[in-house]
Amino acid sequence: MSPVLFELLARSIWETILMTAASGLISLVFGLPLGLALVATDRGGIAENLWMNRALGAVINGFRSVPFIILLVALIPVTRLIVGTSIGTWAAIVPLSIAATPYYARIAEVSLREVDHGLIEAARAMGGNRWTIIREVLVPEALPGIVAGFTVTLVTLIGASAMAGAIGAGGLGDLAIRYGYQRFETSVMIAVVIVLIVLVCGIQWAGDRLVARLDHRA
Amino acid sequence: MNQHFASVTEVMHPVGGRSAGPNDVVRLIELKRCFGATAALDGVSLSVRQGEILGIIGRSGAGKSTLIRCLNGLERPDTGQVFIEGRDISRLGERELQPLRRRIGMIFQHFNLLSAKTVEDNVALPLKIEGRPRAERLARAAELLDLVGLSEKAKAYPASLSGGQKQRVGIARALAARPALLLSDEATSALDPETTRSILALLRDINRQLDLTILLITHEMEVIRSIADRVAVIDAGRIVEQGPVWSVFADPKSAITQSLLGGIRPQLPAEIASRLTQNAGVEAILRIDVAGEAARSPLLSDLASAVPGSFRLVHGGIDHVQQQPVGTLFVAVAGSNEAHLAEVIAFLKARQARVEVLGHVAGSV
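If you read the protein sequences in the order shown, they are chains A and B.
Counting with the working numbering, you get residues 155 to 372 for the letters of the first sequence.
Counting with the working numbering, you get residues 85 to 449 for the letters of the second sequence.
In short, the hints are calculated from the structure, not lab data.
Incorrect hints may appear among the rest.
As the list claims (entries may be wrong) - Now the in silico label distances, taken between C-beta atoms and shown as ranges:
#: 1; chain 1: B; residue 1: 320; chain 2: A; residue 2: 217; range: 45 to 55 Å
#: 2; chain 1: B; residue 1: 233; chain 2: A; residue 2: 183; range: 38 to 48 Å
#: 3; chain 1: B; residue 1: 243; chain 2: A; residue 2: 347; range: 55 to 65 Å
#: 4; chain 1: A; residue 1: 228; chain 2: B; residue 2: 219; range: 52 to 62 Å
Unchecked claim - Derived coverage of chain A by chain B (criterion: at least 3 residues anywhere in the stretch with Cβ under 8 Å from a Cβ of chain B; other residues may be distant):
#: 5; segment: 254-262
#: 6; segment: 285-296
A quick note: this is a predicted structure, and the numbers were derived from the prediction, not measured.
Ideal Cβ placement from N, Cα and C applies to all residues, glycine included.
Build out the structure end to end from the sequences listed, making use of the hints.
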């Protein structure tokens, strides 16, 4: 690989990391409260509101059923509104976040739902309000699952960011398509695949380590 | 059952418990709660006096859990009133209930400790909910862990504890906010017999040391027997019987109480029971229930001197419940003679024992 290609590879790695990290963070910030809202408003939840629950569920399912490549294009007006442009790495972060937020909300929902109802009852019996239950019971007890789910979301985002080349966001996927595939630079393709494997393994390893440290069940 | 009641049992076991007094920590009036078509509580009235341990016993599905949850507003009665320290909480909103619940500690069958918090943080949680500063919370947690004998586990996580230790933490946590009332929801049902004894002893100590009122629900008579002062028997959402533990043990009125007592009161051994007939035989088998004075006196030797005959103890014994002797004796009376038996029964009834002729056996047992 030429020095130019190396430079391209380095830039693509940075773009992929930026897209993944930024949209991952946004999906955590919005997805976790959404997941909490889904659990809290469900039947028997701490803020039961079935109408709200169904509405939230429908919106989440709607976003989750649109293939990412279509979302990427369909959200262009929204992206332009938020970032000011519809092309480039920052522009890709908008659709990536919007796709990852409902995805992560569902993953967080599953972990939160698994918290033993007896623990919520114990907190209520101590005189705790909803906020106490969320802060002292739901989130801490579900934390291992919340972190493990975040790891899964980050890995999924790395995959999704490969499509972001379609709106000129760059990244490793874009590099592999334009150089490795269209220009027959096999070495670029191999390099990209190796970098992706290292990235994914690194994220998974770090996530697993964190989960092991947080998990005091059993 | 063909029982001959002596009058003393009426005196020691007044029907319907006792009337409400000013020292009642809990007073329930005609609580009703339905789930669909089934009534979990079907008109329960009950009081718990300051400093006493009231045990509520019933089979699963009898309404125990619903009842105990009405006391801290985790469950709402459809009709009826729940007075806690003189205040009706049955119509309060969730927000008004929250400060009130801090006056009521609760322990659970499955402990319900937070796995993500250390033992001391679990114990300190009620104080955190109250908004107390961290230093005060930890000092109180240390004090309570000392009380339950788990000081060295303060920094451990609940997963590393045994069942008995977890329940001790649960008890410490329930006491953290200095409650006026402790609710125990089958607190020993998940524990082995030895651990159960130590947890019950701890609850007894706490009751005495802190003069803490305890209301516990259980399906095990052994639990009632070890620590309760009074017992209320619940069946199909109704209190069918209540009174001081020893008097209910001595003279259970309802079939459900008799059946719940079956496991811990002496029963006629099955091989003898299977040989019983109603026709006169070599021996008649009597069941004699005694309590109080009757159980303290030399009943059998007095019987033998008053009524000639041969009386053989087949099975049974005297137990002590709340320092009161309560006994069941199975006695074989030689001869199976009806006139003789009538004399024996008359003597025993005069001595305030309850007597029942179970039947006769052909050969000696």
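Outcome of the hint check:
Between residue 320 of chain B and residue 217 of chain A, the C-beta spacing of about 50 Å keeps the proposed range 45 to 55 Å intact. Between residue 233 of chain B and residue 183 of chain A the beta carbon distance is about 45 Å. The supplied range of 38 to 48 Å therefore holds. The hinted range of 55 to 65 Å is not satisfied by residue 243 of chain B and residue 347 of chain A, whose Cβ atoms lie roughly 41 Å apart. With their beta carbons about 55 Å apart, residue 228 of chain A and residue 219 of chain B fall inside the hinted range of 52 to 62 Å.
Proximity of the segment 254-262 of chain A to chain B, defined as three or more residues with a beta carbon under 8 Å from a beta carbon of that chain, is not established by the 0 residues found. Beta-carbon proximity to chain B at under 8 Å applies to 5 residues in the segment 285-296 of chain A; the threshold of 3 is reached and the given coverage holds.
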